[in-house]
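Chemist: Residue numbers (our numbering), protein chains in the order written: chain H, 471 to 675; chain Y, 471 to 675; chain F, 471 to 675.
Worth flagging that the hints you see were computed from the coordinates, not collected in a lab.
Calculated pairs, DSS-like style, for lysine-lysine (alpha carbon to alpha carbon, straight line, at most 30 Å):
1) F:LYS553 to Y:LYS667
2) H:LYS667 to H:LYS557
3) H:LYS553 to F:LYS671
4) F:LYS667 to H:LYS557
5) F:LYS553 to Y:LYS671
6) H:LYS667 to Y:LYS557
7) Y:LYS557 to Y:LYS667
8) H:LYS671 to Y:LYS553
9) H:LYS667 to Y:LYS553
10) F:LYS557 to Y:LYS671
11) Y:LYS557 to H:LYS671
12) F:LYS667 to F:LYS557
13) F:LYS671 to H:LYS557
14) Y:LYS667 to F:LYS557
15) H:LYS553 to F:LYS667
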Amino acid sequence: MLLHWAYLAAIAAEAMSAALIAGRRSMDWFGVCVIACITALGGGTVRDVLLGHHPLAWIEHPSYLVVTICAALATGIVAPFMKRLHKAFLALDALGLVVFTVIGCNIAVSVQVPFFIVVVIGVITGTFGGVLRDVLCGQVPLLFQKELYASISLATGVLYLGAQKLGVGHEVAMIGSMAIGFALRMLAIRYEWNMPKFVYKEEWD
Amino acid sequence: MLLHWAYLAAIAAEAMSAALIAGRRSMDWFGVCVIACITALGGGTVRDVLLGHHPLAWIEHPSYLVVTICAALATGIVAPFMKRLHKAFLALDALGLVVFTVIGCNIAVSVQVPFFIVVVIGVITGTFGGVLRDVLCGQVPLLFQKELYASISLATGVLYLGAQKLGVGHEVAMIGSMAIGFALRMLAIRYEWNMPKFVYKEEWD
Amino acid sequence: MLLHWAYLAAIAAEAMSAALIAGRRSMDWFGVCVIACITALGGGTVRDVLLGHHPLAWIEHPSYLVVTICAALATGIVAPFMKRLHKAFLALDALGLVVFTVIGCNIAVSVQVPFFIVVVIGVITGTFGGVLRDVLCGQVPLLFQKELYASISLATGVLYLGAQKLGVGHEVAMIGSMAIGFALRMLAIRYEWNMPKFVYKEEWD
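Start from the sequences and build out the full structure, keeping to the hints where you can.
Modeler: Here it is, written out as structure tokens:
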């Protein structure tokens, strides 16, 4: 199944970029693997815990953990070439974002929650791995300050579910929404699209 | 039901004060909404996850999420008048603290945990939204360093449950404990009551 | 039961060392108790939430919370003698690490997850209390940067399960793996054994 392979590529990509961030903080290899696992599998874990959906994906399929850990360790070999691979990585990361979102929506639909919550769960699946990574690395989550990222997860989820409501077939809706979300993310990086910020400087409290 | 309306006012107030904190960090509007939701609904979410109490409140009632997000967005309009509204906000925040605590106790009672744990769950419901907010904003939780806050949640919970044990009617116990907790919180702010601190300065480890 | 008493000693030790860390940040006594509880009981809580294993240990046995809170408060009395007790504490902390790991493995076995996941759950039980403590105290988790700690939890879990697979009796496997893990940890502290670090300094992204 296409989604399955895209998922494995996505968790490997997330693991590798997380490993680089851990490496910049000079973590030991154990820490690198933990950060990689939490980044790649954390969004899905938060989703399953919030939905009470057990067993968790990586408990049922330990191979996901193995892929993540291998990808994190492989980063040590790839690191010197990282600069050249930078663009490939951004693309894989964008793939991860839309794949995670669609999988999150699918699972939320399967446990029958309201439409609005399905989208929220999709966004949580797509983005919370990165939020957990940033918290563990001691920085304010990038998610809230960088160019369009979470909003693309939101757009992908709305397109995916909206298209199905309008009668579009499941596979077409899935591939279409993922393609559009992926394209939007690449454009957002290329042209540095940003969400408007809320800047509040008065002292209060 | 009184508690329901007080709850909606409380999550809106928590969302707005969280939005201001996010605004001071120049987060984008998406981040502002995420921080607002986590602050307003995080305490209840942690409670439900710890109790294994599904579905979560905001998954069953998506309107809670809608109220929170609207309140966060409205903060952009209200922000310039914030200084003048400062006192109203502190009062709404104090209301939130006691309302969240009582609701948390009710849910803990409904799943039949020991008395002591009911109070702990009430305090977690009342205070953990703020803890999550501070962690995501990259600061040591204020909870542990400010004037009486969590202790008022504790007092409210003990009063509420203790009064019922002593035969006081449910409604009277609820309104009475909330009124006393609210008054204590306002007095704590007015007179800057603090918990004694544990200051340990020796180097160890 | 030996494991039970070792567990109580371990949560008390974890609570006391967490209280000292909170004291260095001048937290109030309420914050000190919260940090102590999260450190001592957080690993087991994360484990139970991930496994969907309810009720949580401290909800079923509130005495665990009482022990933890008393240990945290007692730290105020013991603090002046802390330097002299330093070595006793490191030993109790090492005991905690192996006890938590073995208990975590036992619970994971009882809910029938794959072998690899049993070890992962054991390590999470052994180490995540400290991770949560560090996140709440606003520092990058020590776990990822200090001498061998999580890897000893891993070794203990693998030894414990491996020995049982090879036909060693349950009690012997338990005491043996805990003794070896404990000895390794003490040696790691004594000789400052470290995991190799992944240091990545190129700017990327």
